[in-house]
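**Student:** Got chain A; can you put chain B on it based on the hints?
Number of protein chains: 2
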Amino acid sequence: MLHRDYADQNCSIARALEIVGERWSLLIVRDAFLGVTRFDQFERRLGVAPNTLTARLRSLTDAGVLERRRYNERPQRYEYVLTPRGKDLFPAIVAIMRWGDVHQSTNGPPAVVRHIGCGGALDAHARCDECGLIVNADDAEWHYGPGSRHEPGLRPRPPM
Amino acid sequence: MLHRDYADQNCSIARALEIVGERWSLLIVRDAFLGVTRFDQFERRLGVAPNTLTARLRSLTDAGVLERRRYNERPQRYEYVLTPRGKDLFPAIVAIMRWGDVHQSTNGPPAVVRHIGCGGALDAHARCDECGLIVNADDAEWHYGPGSRHEPGLRPRPPM
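If you read the sequences in order, they're chains A and B. Read in order, the letters of the first sequence correspond to residues 1 to 160 in our numbering. Read in order, the letters of the second sequence correspond to residues 1 to 160 in our numbering.
To be clear, the hints were calculated from the coordinates, so they are not data collected in a lab. The C-beta atom is built at its ideal place from N, Cα and C for all residues, glycine as well. Hints may be right or wrong, so weigh each one.
Stated by the list, open to error - Every beta carbon over 10 Å from chain B, so not counted as near; a handful from chain A, in silico: (1) Glu-43; (2) Arg-69; (3) Ala-121.
Unchecked claim - Restraint ranges, calculated between C-beta atoms of paired labels, are given here: (4) A:Cys-131 x B:Glu-141: 29 to 37 Å; (5) A:Asn-136 x B:Asn-72: 45 to 53 Å; (6) B:Gly-35 x A:Arg-157: 40 to 48 Å; (7) B:Pro-75 x A:Cys-118: 56 to 64 Å; (8) A:Arg-149 x B:Arg-74: 51 to 59 Å; (9) B:Gly-47 x A:Asn-51: 23 to 31 Å; (10) A:Thr-54 x B:Ala-55: 43 to 51 Å; (11) A:Arg-157 x B:Asn-10: 15 to 23 Å; (12) A:Cys-131 x B:Phe-39: 42 to 50 Å.
Same shape as in the complex, but just chain A (with noise of 0.2 Å):
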């Protein structure tokens, strides 16, 4: 439990922040749904510090959001990849996305979710603009938007 004084809060928002309320630990599951798994890239791309991830890694494997498999034996190396708890955070992903889309970029979104083979993008209820279906994560892709400093279209796997 990260957040010891939100402990004694009955309230379902105090718990899950306890999990993915600490500095960095949303950013670590934003960047594994984007498919980000290993350590160095998670590094790279968060600009946070070795001992930090590592504790952050570790509080979000043991909450069960994330899982930790060796891919490879000689040696012993390790990725981090989304558990179905940790992919039910997907609508609070877009949900905070979308609200900082609206309220906090200046050239649009740096980033679009789109619903896979309809196209349309997803608002902050995770709700497809072109079907009206709400999606989950399997059924979304990422995108650069207007706001990226890529070139929009569909951001590659794993990411930069």
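**Tutor:** Just chain B, lined up with the frame of chain A:
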């Protein structure tokens, strides 16, 4: 900007977290949705140190999430209410709450957000599970849930 380390991230999630990612900020916003307006109410409910609360209320006011209004002349007294920008955090608040309900609550949801008139409960997309409509903050009311310390039912405003 609270999270100066996030500043070089060209990302709407990072920009949103600069405002609402600091410890206590999102619980202050939660309480504002519940109808809390006054400093001493926030202080008592959150159990947060007064100097921390002062700093967070100032940050949220500077960011345009809360508006500071004088409600008494002598002595001068102020209250804090959500702006339209603050109310736009409703989908994010609901998404985080529902994730905590599903993954971190042992006795069921402490709170249930219901569609006024219809009575359906909101899911992680702020969608009413009765009529299927997406519900905004002004059309929602907060109820004590099965995991509350209170009897289930409409939560009074402003709450204890």
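**Student:** Does each hint hold? Answer for all of them.
**Tutor:** Hint check:
1. Glu-43: Given that every Cβ of chain B is farther than 10 Å from that of A:Glu-43, nearest at about 13 Å, it holds.
2. Arg-69: holds (21 Å)
3. Ala-121: holds (13 Å)
4. A:Cys-131 x B:Glu-141: 29 to 37 Å: holds (30 Å)
5. A:Asn-136 x B:Asn-72: 45 to 53 Å: holds (49 Å)
6. B:Gly-35 x A:Arg-157: 40 to 48 Å: holds (44 Å)
7. B:Pro-75 x A:Cys-118: 56 to 64 Å: holds (58 Å)
8. A:Arg-149 x B:Arg-74: 51 to 59 Å: holds (54 Å)
9. B:Gly-47 x A:Asn-51: 23 to 31 Å: holds (30 Å)
10. A:Thr-54 x B:Ala-55: 43 to 51 Å: At 29 Å between Cβs, range violated.
11. A:Arg-157 x B:Asn-10: 15 to 23 Å: Check passed, 18 Å falls within 15 to 23 Å.
12. A:Cys-131 x B:Phe-39: 42 to 50 Å: holds (46 Å)
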